[in-house]
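Trainee: The chain contents come next:
There are 2 protein chains.
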Amino acid sequence: MEQPSPIDFYFDPISPYGYLASTQIESLAARYGRRVEWRPVLLSVTVLQVMGLKPVPATPLKGDYSRRDKNRLARLLGVPMCEPRHPDVSPIRALRAFLWLKQRDAAQAAAFARSLCARLWARGENISATEDVLDEAARLGLDVEAMRAGMESPEIKTLLREEVDRAVAAGVFGVPFFIVDGEPFWGVDRLWMLEHWLKYQSWDPKP
Amino acid sequence: MEQPSPIDFYFDPISPYGYLASTQIESLAARYGRRVEWRPVLLSVTVLQVMGLKPVPATPLKGDYSRRDKNRLARLLGVPMCEPRHPDVSPIRALRAFLWLKQRDAAQAAAFARSLCARLWARGENISATEDVLDEAARLGLDVEAMRAGMESPEIKTLLREEVDRAVAAGVFGVPFFIVDGEPFWGVDRLWMLEHWLKYQSWDPKP
Numbered sequence: 412m413e414q415p416s417p418i419d420f421y422f423d424p425i426s427p428y429g430y431l432a433s434t435q436i437e438s439l440a441a442r443y444g445r446r447v448e449w450r451p452v453l454l455s456v457t458v459l460q461v462m463g464l465k466p467v468p469a470t471p472l473k474g475d476y477s478r479r480d481k482n483r484l485a486r487l488l489g490v491p492m493c494e495p496r497h498p499d500v501s502p503i504r505a506l507r508a509f510l511w512l513k514q515r516d517a518a519q520a521a522a523f524a525r526s527l528c529a530r531l532w533a534r535g536e537n538i539s540a541t542e543d544v545l546d547e548a549a550r551l552g553l554d555v556e557a558m559r560a561g562m563e564s565p566e567i568k569t570l571l572r573e574e575v576d577r578a579v580a581a582g583v584f585g586v587p588f589f590i591v592d593g594e595p596f597w598g599v600d601r602l603w604m605l606e607h608w609l610k611y612q613s614w615d616p617k618p
Numbered sequence: 412m413e414q415p416s417p418i419d420f421y422f423d424p425i426s427p428y429g430y431l432a433s434t435q436i437e438s439l440a441a442r443y444g445r446r447v448e449w450r451p452v453l454l455s456v457t458v459l460q461v462m463g464l465k466p467v468p469a470t471p472l473k474g475d476y477s478r479r480d481k482n483r484l485a486r487l488l489g490v491p492m493c494e495p496r497h498p499d500v501s502p503i504r505a506l507r508a509f510l511w512l513k514q515r516d517a518a519q520a521a522a523f524a525r526s527l528c529a530r531l532w533a534r535g536e537n538i539s540a541t542e543d544v545l546d547e548a549a550r551l552g553l554d555v556e557a558m559r560a561g562m563e564s565p566e567i568k569t570l571l572r573e574e575v576d577r578a579v580a581a582g583v584f585g586v587p588f589f590i591v592d593g594e595p596f597w598g599v600d601r602l603w604m605l606e607h608w609l610k611y612q613s614w615d616p617k618p
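Going down the list, the sequences are from chains U and R. Just so we're aligned, residue 412 is where the first sequence starts under my numbering, counting upward by one. Just so we're aligned, residue 412 is where the second sequence starts under my numbering, counting upward by one.
Hints are not guaranteed to be accurate.
The list cannot tell twin chains apart, which means a pair is met if one copy fits it or any two copies do.
[What the hints assert, rightly or not] In the SDA-like style, the derived pairs of lysine to any residue whose C-alpha atoms are separated by at most 20 Å in a straight line are:
no.: 1; residue 1: Lys610; residue 2: Arg486
no.: 2; residue 1: Lys465; residue 2: Tyr476
no.: 3; residue 1: Lys568; residue 2: Ser455
no.: 4; residue 1: Lys610; residue 2: Gln435
no.: 5; residue 1: Lys610; residue 2: Asp592
no.: 6; residue 1: Lys568; residue 2: Gln460
no.: 7; residue 1: Lys568; residue 2: Ile503
no.: 8; residue 1: Lys465; residue 2: Leu454
no.: 9; residue 1: Lys617; residue 2: Arg483
no.: 10; residue 1: Lys465; residue 2: Pro498
no.: 11; residue 1: Lys610; residue 2: Ala485
no.: 12; residue 1: Lys617; residue 2: Trp603
no.: 13; residue 1: Lys465; residue 2: Val579
no.: 14; residue 1: Lys617; residue 2: Gly489
no.: 15; residue 1: Lys610; residue 2: Thr470
no.: 16; residue 1: Lys617; residue 2: Ala485
no.: 17; residue 1: Lys568; residue 2: Leu545
no.: 18; residue 1: Lys465; residue 2: Ser416
no.: 19; residue 1: Lys610; residue 2: Gly489
no.: 20; residue 1: Lys617; residue 2: Leu602
no.: 21; residue 1: Lys617; residue 2: Leu487
no.: 22; residue 1: Lys465; residue 2: Ser455
Keep in mind the hints are simulated off the structure, nothing from the lab.
Use the sequences and the hints to build the structure in full.
Mentor: Right, dumping it as structure tokens:
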């Protein structure tokens, strides 16, 4: 029997909304027999370079809204959420390490991705430096020295750039972003609509 | 007995998402015993001037997403939706006429607001010119000549500017935007969350 196509789940750990989605997507997918394909994207590329906008936290009105909104959404979803404690968090090393691990074990990489998001938004620890990333890997019992070498390799640096280019080519502009069966969804507030699609594969109200 | 506070519903007829919300908000509010206070806002002020962004239709990737997304949301909500047929639609005269009518009859003004949104997005007719606005008023059996005089008065022009300033001061940046009991909600995709608030007045999952 043919496998149903996976849900492409695009994340950047710097996004609190991406973290919230990272806590929900696997159980949602499993309820409808779908696999989740975790894919990296960089908001610094999509928002700043491609769309020519400014970061949400630095956007008047919208920044204040999202700072407040993330907390009530977390409460509603029953997951922890903390305030940003580190200025200018960089996701680059974390996403390189994620891609390196994904080449070896996709399930471990997904768990590592969830853990990196939670490190920043549930525990308030940084993810920017190599040592931050490896500390998180150690918590999960991963091979830290192999990851250290792998995440710095030229191949992985190139792969992250290519993956972000592919995300942009697929129309991904925000985080979280989901694509399944060619249907794109932006935002953790669209999980209800993603679920409708997974249930009915139609946009009729109740087909 | 004290009346529960109304839902402030901010709309700009140029937004397809605002139109979609305009078809839903009254029945949602009525289910929870709330009144809807229809309030004008101008995306040309909030998005361009206050946030310093560009219009969504002109934003790479996000523009394409919203053009597609509006159609599947309309289908899901069971309401008509058409493609934009008029470049550079201006909501200014429509919103002045709405405010003039609201001073006389808030319920009529809400019906007129819904009708203006549907004129643009369900029937594909323009709302920019005075004659467009008055044509819609005539469809509803309103006093067209009184509206013509009223919507051009200096007082109404000033009132629209003041209303938009008040919206910005309240944190309104997008359309549709809802505020109830001090809780702000942006987007037609947040109706589920607005409903949660109306039902429980809490962010606990099931209080």
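Trainee: Now tell me if each hint is right for this structure.
Mentor: Evaluation of the provided hints:
Taking CA atoms no more than 20 Å apart as the test, Lys610 paired with Arg486 passes between copies only; the shortest distance there is 16 Å, against 26 Å inside one copy. In this assembly of identical chains, Lys465 and Tyr476 lie within 20 Å of each other by CA distance both inside one copy and across copies; the values are 15 Å within and 19 Å between. Proximity of Lys568 to Ser455 under the C-alpha cut-off of 20 Å is restricted to the intra-copy arrangement: shortest distance 16 Å within a copy versus 41 Å between copies. Taking identical chains as interchangeable, the C-alpha atoms of Lys610 and Gln435 lie at most 20 Å apart only when both belong to the same chain, with a minimum of 16 Å there against 23 Å between chains.
For the identical chains of this complex, Lys610 and Asp592 are intra-copy neighbours only, at 12 Å inside a copy versus 34 Å across copies, given an alpha-carbon limit of 20 Å. Taking identical chains as interchangeable, the C-alpha atoms of Lys568 and Gln460 lie at most 20 Å apart only when both belong to the same chain, with a minimum of 19 Å there against 38 Å between chains. When the C-alpha separation of Lys568 and Ile503 is checked against a cutoff of 20 Å, the pair qualifies only within one copy, where the shortest distance is 9 Å, while the shortest distance between copies is 50 Å. Taking identical chains as interchangeable, the C-alpha atoms of Lys465 and Leu454 lie at most 20 Å apart whether they share a chain (10 Å) or sit on different chains (17 Å).
Taking the shortest Cα distances, Lys617 and Arg483 sit within 20 Å of each other only across copies (13 Å), while inside one copy they are farther apart (29 Å). Within a single copy, Lys465 and Pro498 get their C-alpha atoms as close as 16 Å, which meets the 20 Å cut-off; across copies the closest is 26 Å, which misses it. In the homo-oligomer, the alpha carbons of Lys610 and Ala485 lie at most 20 Å apart only across protomers (18 Å), although the nearest pairing inside one protomer, at 24 Å, exceeds that limit. For the homomeric pair Lys617 and Trp603, the shortest alpha-carbon distances inside one copy (14 Å) and between copies (17 Å) are both at most 20 Å.
Proximity of Lys465 and Val579 under a CA criterion of 20 Å is satisfied in both settings, with 17 Å inside one chain copy and 19 Å between copies. Taking identical chains as interchangeable, the C-alpha atoms of Lys617 and Gly489 lie at most 20 Å apart only when they sit on different chains, with a minimum of 10 Å there against 29 Å within one chain. Neither within a single protomer nor between protomers do Lys610 and Thr470 lie at most 20 Å apart by alpha-carbon distance, with minima of 36 Å and 31 Å respectively. Proximity of Lys617 and Ala485 under a CA criterion of 20 Å is satisfied inter-copy only: 14 Å between copies versus 29 Å inside one chain copy.
In the homo-oligomer, the alpha carbons of Lys568 and Leu545 lie at most 20 Å apart inside one protomer (17 Å), although the nearest pairing across protomers, at 60 Å, exceeds that limit. Taking the shortest alpha-carbon separations for Lys465 and Ser416, neither the intra-copy value of 34 Å nor the inter-copy value of 35 Å comes in at or below 20 Å. For the identical chains of this complex, Lys610 and Gly489 are inter-copy neighbours only, at 18 Å across copies versus 23 Å inside a copy, given an alpha-carbon limit of 20 Å. In the homo-oligomer, the alpha carbons of Lys617 and Leu602 lie at most 20 Å apart both inside one protomer (17 Å) and across protomers (18 Å), since each shortest distance falls under that limit.
Only between protomers do Lys617 and Leu487 lie at most 20 Å apart by alpha-carbon distance; the minimum there is 9 Å, versus 26 Å within a single protomer. Both within a single protomer and between protomers do Lys465 and Ser455 lie at most 20 Å apart by alpha-carbon distance, with minima of 9 Å and 17 Å respectively.
The structure fails hints 15 and 18 (numbered hints given earlier, in ascending order).
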